[in-house]
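Engineer: Residue numbers (this note's numbering), protein chains in the order written: chain W, 1 to 114; chain A, 1 to 116.
Just so you know, these hints were derived from the structure itself, not from any lab. In this text, a Cβ means the ideal position worked out from N, Cα and C, and glycines have one as well. One or more of the hints may lead you astray.
[To be verified] Derived pair list, reagent style PhoX-like, types lysine-lysine, alpha-carbon separation capped at 25 angstroms:
| # | chain 1 | residue 1 | chain 2 | residue 2 |
| --- | --- | --- | --- | --- |
| 1 | W | Lys49 | A | Lys41 |
| 2 | W | Lys77 | W | Lys56 |
| 3 | W | Lys68 | W | Lys49 |
| 4 | A | Lys20 | W | Lys101 |
| 5 | W | Lys49 | W | Lys77 |
| 6 | A | Lys55 | A | Lys14 |
| 7 | A | Lys41 | W | Lys77 |
| 8 | A | Lys55 | W | Lys101 |
| 9 | A | Lys14 | A | Lys64 |
| 10 | W | Lys68 | W | Lys52 |
| 11 | W | Lys56 | W | Lys68 |
| 12 | A | Lys20 | A | Lys66 |
| 13 | W | Lys101 | A | Lys64 |
| 14 | W | Lys77 | A | Lys55 |
| 15 | W | Lys60 | W | Lys77 |
| 16 | W | Lys56 | W | Lys101 |
| 17 | W | Lys101 | W | Lys68 |
| 18 | W | Lys101 | A | Lys14 |
[Said to hold, decoys possible] Here are the simulated distance ranges between beta carbons:
| # | chain 1 | residue 1 | chain 2 | residue 2 | range |
| --- | --- | --- | --- | --- | --- |
| 19 | W | Ser3 | A | Val3 | 27 to 37 angstroms |
| 20 | W | Thr51 | A | Val3 | 22 to 32 angstroms |
| 21 | A | Pro40 | W | Thr70 | 25 to 35 angstroms |
| 22 | W | Gly1 | A | Glu52 | 24 to 34 angstroms |
| 23 | W | Asn2 | A | Glu63 | 20 to 30 angstroms |
| 24 | A | Leu76 | W | Pro10 | 33 to 43 angstroms |
| 25 | A | Leu76 | W | Ser79 | 39 to 49 angstroms |
| 26 | A | Ala2 | W | Ala53 | 25 to 35 angstroms |
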Amino acid sequence: GNSVTQMEGPVTLSEEAFLTINCTYTATGYPSLFWYVQYPGEGLQLLLKATKADDKGSNKGFEATYRKETTSFHLEKGSVQVSDSAVYFCALRRYGGATNKLIFGTGTLLAVQP
Amino acid sequence: GAVVSQHPSWVICKSGTSVKIECRSLDFQATTMFWYRQFPKQSLMLMATSNEGSKATYEQGVEKDKFLINHASLTLSTLTVTSAHPEDSSFYICSAGLGTSVNEQYFGPGTRLTVT
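Please build the complete structure, drawing on both the sequences and the hints.
Structural biologist: Rendered as structure tokens:
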């Protein structure tokens, strides 16, 4: 079946540190991959996405590369800020399905300290 | 653009009662809406997919008679938890998409349900 595995949190970093949140997936076919962010008290927001192998999604200094050979989509940011503190969810959507069903990982809490 | 609201943001109800949660797309028409349930420190689990004007499609293991979903218009879907029990306490999140095969879903802020 389709599934997403994320590194467990919380991840605690100092401001300006380098961030990596690991995400691997299992899927049939060729899924699209997503990172969503959930700030405290808010709904999930799409952070970035990649729809095919070797694509790099990027937004707000975050980036992730779709690696088919390692079935991974790790999230990275070179210098985190306190405002990046949130829960990050990796997700996949199977391409070509009749419905737009997203499958989420368990989420990783990021806490950035000043 | 693409704002989705939920009401209420939190609700407390007594065991055995029913509670309705609304999900609205404020600035676009949503052909498809999704309802998720999120347990603490766990992932979002899709409960059902609803298309405007038709019956919802429930995921395996979700009781359709307990979680009633209505998608009466292109901007409104409702989830009614019937005969609620404490184990139904959770965070319920809706999302809305454009069409049945879309690249993005737009999420509401969620509704915290506590059943006492």
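Engineer: Indicate, hint by hint, whether the structure satisfies it.
Structural biologist: Here is how each hint holds up against the structure:
1. The hinted pair formed by W:Lys49 and A:Lys41 meets the criterion: a straight-line CA distance of about 23 angstroms does not exceed 25 angstroms.
2. The straight-line distance between the Cα atoms of W:Lys77 and W:Lys56 is roughly 13 angstroms, inside the 25 angstroms bound, and the hint therefore holds.
3. Between W:Lys68 and W:Lys49, the direct Cα distance comes to roughly 14 angstroms. Compliance with the 25 angstroms bound is thereby established for this hinted pair.
4. Distance check on the hinted pair: A:Lys20 and W:Lys101 sit about 23 angstroms apart at the alpha-carbon level, within 25 angstroms; holds.
5. At roughly 15 angstroms between alpha-carbon atoms, W:Lys49 and W:Lys77 fall within 25 angstroms of each other, so this suggested pair holds.
6. Proximity of A:Lys55 to A:Lys14 is assessed by CA-CA distance (about 28 angstroms); at most 25 angstroms being required, the pair is judged violated.
7. With a C-alpha separation of about 23 angstroms, the suggested pair A:Lys41 and W:Lys77 falls inside the 25 angstroms cut-off, and the hint holds.
8. Between A:Lys55 and W:Lys101, the direct Cα distance comes to roughly 17 angstroms. Compliance with the 25 angstroms bound is thereby established for this hinted pair.
9. For the given pair, A:Lys14 sits about 21 angstroms from A:Lys64 by alpha-carbon distance, which is consistent with the 25 angstroms threshold.
10. Restraint check for W:Lys68 and W:Lys52: satisfied, since their Cα atoms lie roughly 8 angstroms apart, inside the 25 angstroms limit.
11. For a cut-off of 25 angstroms, the pair hint linking W:Lys56 to W:Lys68 stands: about 12 angstroms separates their Cα positions.
12. Between A:Lys20 and A:Lys66 the CA atoms are separated by roughly 12 angstroms; this keeps the pair inside 25 angstroms, and the hint holds.
13. Proximity of W:Lys101 to A:Lys64 is assessed by CA-CA distance (about 18 angstroms); at most 25 angstroms being required, the pair is judged to hold.
14. Restraint check for W:Lys77 and A:Lys55: the C-alpha separation of about 42 angstroms exceeds 25 angstroms, so the hint is violated.
15. Distance hint between W:Lys60 and W:Lys77 is fulfilled; the C-alpha atoms sit about 9 angstroms from each other, no more than 25 angstroms.
16. Between W:Lys56 and W:Lys101, the direct Cα distance comes to roughly 22 angstroms. Compliance with the 25 angstroms bound is thereby established for this hinted pair.
17. At most 25 angstroms may separate the alpha-carbon atoms for a hinted pair to count; W:Lys101 and W:Lys68 meet this at roughly 20 angstroms.
18. The hinted pair formed by W:Lys101 and A:Lys14 fails the criterion: a straight-line CA distance of about 32 angstroms is larger than 25 angstroms.
19. A hinted range of 27 to 37 angstroms holds for the C-beta pair W:Ser3 and A:Val3, which are about 30 angstroms apart.
20. Under the hint 22 to 32 angstroms, the C-beta atoms of W:Thr51 and A:Val3, about 24 angstroms apart, fit the expected range.
21. Between A:Pro40 and W:Thr70, the C-beta spacing of about 30 angstroms keeps the proposed range 25 to 35 angstroms intact.
22. Distance hint for W:Gly1 and A:Glu52: a CB-CB separation of about 29 angstroms, consistent with the stated range 24 to 34 angstroms.
23. Hint check: W:Asn2 to A:Glu63, Cβ distance near 23 angstroms, so the stated range 20 to 30 angstroms holds.
24. For the pair A:Leu76 and W:Pro10, the beta carbons lie near 36 angstroms from each other, so the given range of 33 to 43 angstroms is met.
25. A C-beta distance of roughly 42 angstroms is found between A:Leu76 and W:Ser79, which places it inside the suggested range of 39 to 49 angstroms.
26. Against the hinted window of 25 to 35 angstroms, the Cβ-Cβ separation of A:Ala2 and W:Ala53 comes to about 28 angstroms, which satisfies the hint.
In terms of the numbered hints stated before, the structure departs from hints 6, 14 and 18, listed from lowest to highest.
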